[in-house]
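Residues per chain, in single letters:
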Amino acid sequence: RKEVEQDPGPFNVPEGATVAFNCTYSNSASQSFFWYRQDCRKEPKLLMSVYSSGNEDGRFTAQLNRASQYISLLIRDSKLSDSATYLCVVNIGNTGNQFYFGTGTSLTVIP
Amino acid sequence: SAVISQKPSRDICQRGTSLTIQCQVDSQVTMMFWYRQQPGQSLTLIATANQGSEATYESGFVIDKFPISRPNLTFSTLTVSNMSPEDSSIYLCSVDRTGKETQYFGPGTRLLVL
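Which chain is which? The protein sequence lines are R and Y, in order. FYI, the numbering for the first sequence is 4 to 114, going by this note's numbering. FYI, the numbering for the second sequence is 1160 to 1273, going by this note's numbering.
Honestly, I wouldn't trust all of these hints.
[Claimed, not checked] Using 20 Å as the maximum straight-line C-alpha spacing, the simulated SDA-like pairs for lysine to any residue come out as follows:
id	chain 1	residue 1	chain 2	residue 2
1	R	Lys45	Y	Arg1195
2	R	Lys82	R	Lys5
3	R	Lys82	Y	Ser1168
4	R	Lys45	Y	Ser1168
5	R	Lys48	Y	Gly1219
6	R	Lys48	Y	Asp1246
7	R	Lys5	R	Glu18
8	R	Lys45	Y	Thr1261
9	R	Lys45	Y	Gly1219
10	R	Lys5	R	Ser109
11	R	Lys45	Y	Leu1204
12	R	Lys5	Y	Gln1183
13	R	Lys48	R	Pro114
14	R	Lys82	R	Phe63
15	R	Lys45	R	Pro11
16	R	Lys48	Y	Asp1170
17	R	Lys45	Y	Ser1164
18	R	Lys45	Y	Ser1218
19	R	Lys45	Y	Asp1170
20	R	Lys48	Y	Ile1171
21	R	Lys45	R	Ser86
22	R	Lys5	Y	Ser1164
23	R	Lys48	Y	Ser1248
24	R	Lys45	Y	Pro1266
25	R	Lys45	Y	Asp1246
[What the hints assert, rightly or not] Covered, in the sense of this in silico footprint (three residues per stretch, anywhere, with C-beta under 8 Å from a C-beta of chain Y), are these stretches of chain R:
id	region
26	48–58
27	68–77
Simulated from the structure, these hints should not be mistaken for laboratory data. We put the CB at the ideal spot given by N, CA and C, even for glycine.
Using the sequences plus the hints, can you model the full thing?
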């Protein structure tokens, strides 16, 4: 079983739509959680960390459900520039060497 | 966030040869990591490079194939040895700034092995 699983999509949504991605993780001892964004032919970049209390950054909201071991990302009022692959990332350990990456969810925002 | 550079940005190599990829960070970091991202797939950790000690390799990766150097706190190299077409991939270095628990990636090296 994979450490981190995501629906690969693709998600094709019109501008202004709201879209949600889910991600599940298998290790209940996982310590920290993140969403990264990867544009085509670019490196992954940190989008936001995910906290148990949930956190919001502008149009982006991340939620963590430890009991069910899933993480979500909600994007409101989608922009064309949101088109990218979104990677769910789980850190199992206290150090930086136990990061597991999902395969990513592809989003295309259509004019 | 850290500023990370990698050289080369891309290369096309013949099978059987070796390529050394360099990763330079703009500040001292304790841990540096090397990942591989094969076409259409997510990132797979190759090894963790710590200054002053041997690299720690993940399952499926060995030092003979992917030797790593970490001569100081701002620099590391990954060598892809005796390359085959299956090694065609993007190779990324990343750093974990102490206390941040997040990873910042270099721009990657695109390798094509013919």
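Comparing the hints with the structure gives:
1. For a cut-off of 20 Å, the pair hint linking R:Lys45 to Y:Arg1195 stands: about 13 Å separates their Cα positions.
2. The straight-line distance between the Cα atoms of R:Lys82 and R:Lys5 is roughly 31 Å, outside the 20 Å bound, and the hint therefore fails.
3. Restraint check: the Cα-Cα separation between R:Lys82 and Y:Ser1168 comes to about 30 Å, which exceeds 20 Å; the hinted pair is violated.
4. For the given pair, R:Lys45 sits about 11 Å from Y:Ser1168 by alpha-carbon distance, which is consistent with the 20 Å threshold.
5. With a C-alpha separation of about 26 Å, the suggested pair R:Lys48 and Y:Gly1219 falls outside the 20 Å cut-off, and the hint is violated.
6. Pair hint R:Lys48 plus Y:Asp1246 does not hold up; C-alpha atoms about 24 Å apart against a cutoff of 20 Å.
7. Restraint check for R:Lys5 and R:Glu18: the C-alpha separation of about 33 Å exceeds 20 Å, so the hint is violated.
8. Taking the CA atoms of R:Lys45 and Y:Thr1261, the gap is about 18 Å. The hint holds against a cut of 20 Å.
9. Using a Cα cut-off of 20 Å, the hinted pair R:Lys45 and Y:Gly1219 is violated, with the two alpha carbons roughly 25 Å apart.
10. A threshold of 20 Å between alpha carbons decides the hint, and for R:Lys5 with R:Ser109 the separation of about 19 Å falls inside it, so the pair holds.
11. Of the pairs offered as hints, the one joining R:Lys45 and Y:Leu1204 holds, with about 17 Å between alpha carbons and a cut-off of 20 Å not exceeded.
12. Restraint check for R:Lys5 and Y:Gln1183: not satisfied, since their Cα atoms lie roughly 32 Å apart, outside the 20 Å limit.
13. A distance of roughly 24 Å separates the Cα atoms of R:Lys48 and R:Pro114; the hinted pair therefore is violated under the 20 Å criterion.
14. Between R:Lys82 and R:Phe63 the alpha-carbon distance is near 12 Å, which keeps this suggested pair within the 20 Å criterion.
15. For a cut-off of 20 Å, the pair hint linking R:Lys45 to R:Pro11 stands: about 18 Å separates their Cα positions.
16. With a C-alpha separation of about 23 Å, the suggested pairing of R:Lys48 with Y:Asp1170 is violated against the 20 Å cut-off.
17. For the proposed pair R:Lys45 and Y:Ser1164, the alpha carbon gap of about 13 Å is at most 20 Å, so the pair holds.
18. For a cut-off of 20 Å, the pair hint linking R:Lys45 to Y:Ser1218 is broken: about 26 Å separates their Cα positions.
19. At most 20 Å may separate the alpha-carbon atoms for a hinted pair to count; R:Lys45 and Y:Asp1170 meet this at roughly 16 Å.
20. Taking the CA atoms of R:Lys48 and Y:Ile1171, the gap is about 26 Å. The hint is violated against a cut of 20 Å.
21. Annotation: proposed proximity of R:Lys45 to R:Ser86 holds, straight-line Cα distance about 13 Å (limit 20 Å).
22. Of the pairs offered as hints, the one joining R:Lys5 and Y:Ser1164 is violated, with about 31 Å between alpha carbons and a cut-off of 20 Å exceeded.
23. For the suggested pair R:Lys48 and Y:Ser1248, the alpha carbons sit about 19 Å apart, so the restraint of at most 20 Å is met.
24. Proposed proximity of R:Lys45 and Y:Pro1266 is supported: the alpha carbons are some 6 Å apart, at most 20 Å.
25. Our distance criterion of 20 Å between C-alpha atoms is met by R:Lys45 and Y:Asp1246, whose separation comes to about 19 Å.
26. Given a C-beta distance limit of less than 8 Å, the hint that chain Y covers the region 48–58 of chain R holds, as 3 residues qualify and 3 suffice.
27. Closer than 8 Å: that is the beta-carbon criterion, and the region 68–77 of chain R has 0 residues meeting it against chain Y, so the requirement of 3 is violated.
Hints 2, 3, 5, 6, 7, 9, 12, 13, 16, 18, 20, 22 and 27, counting from the list given before, are not met by this structure.
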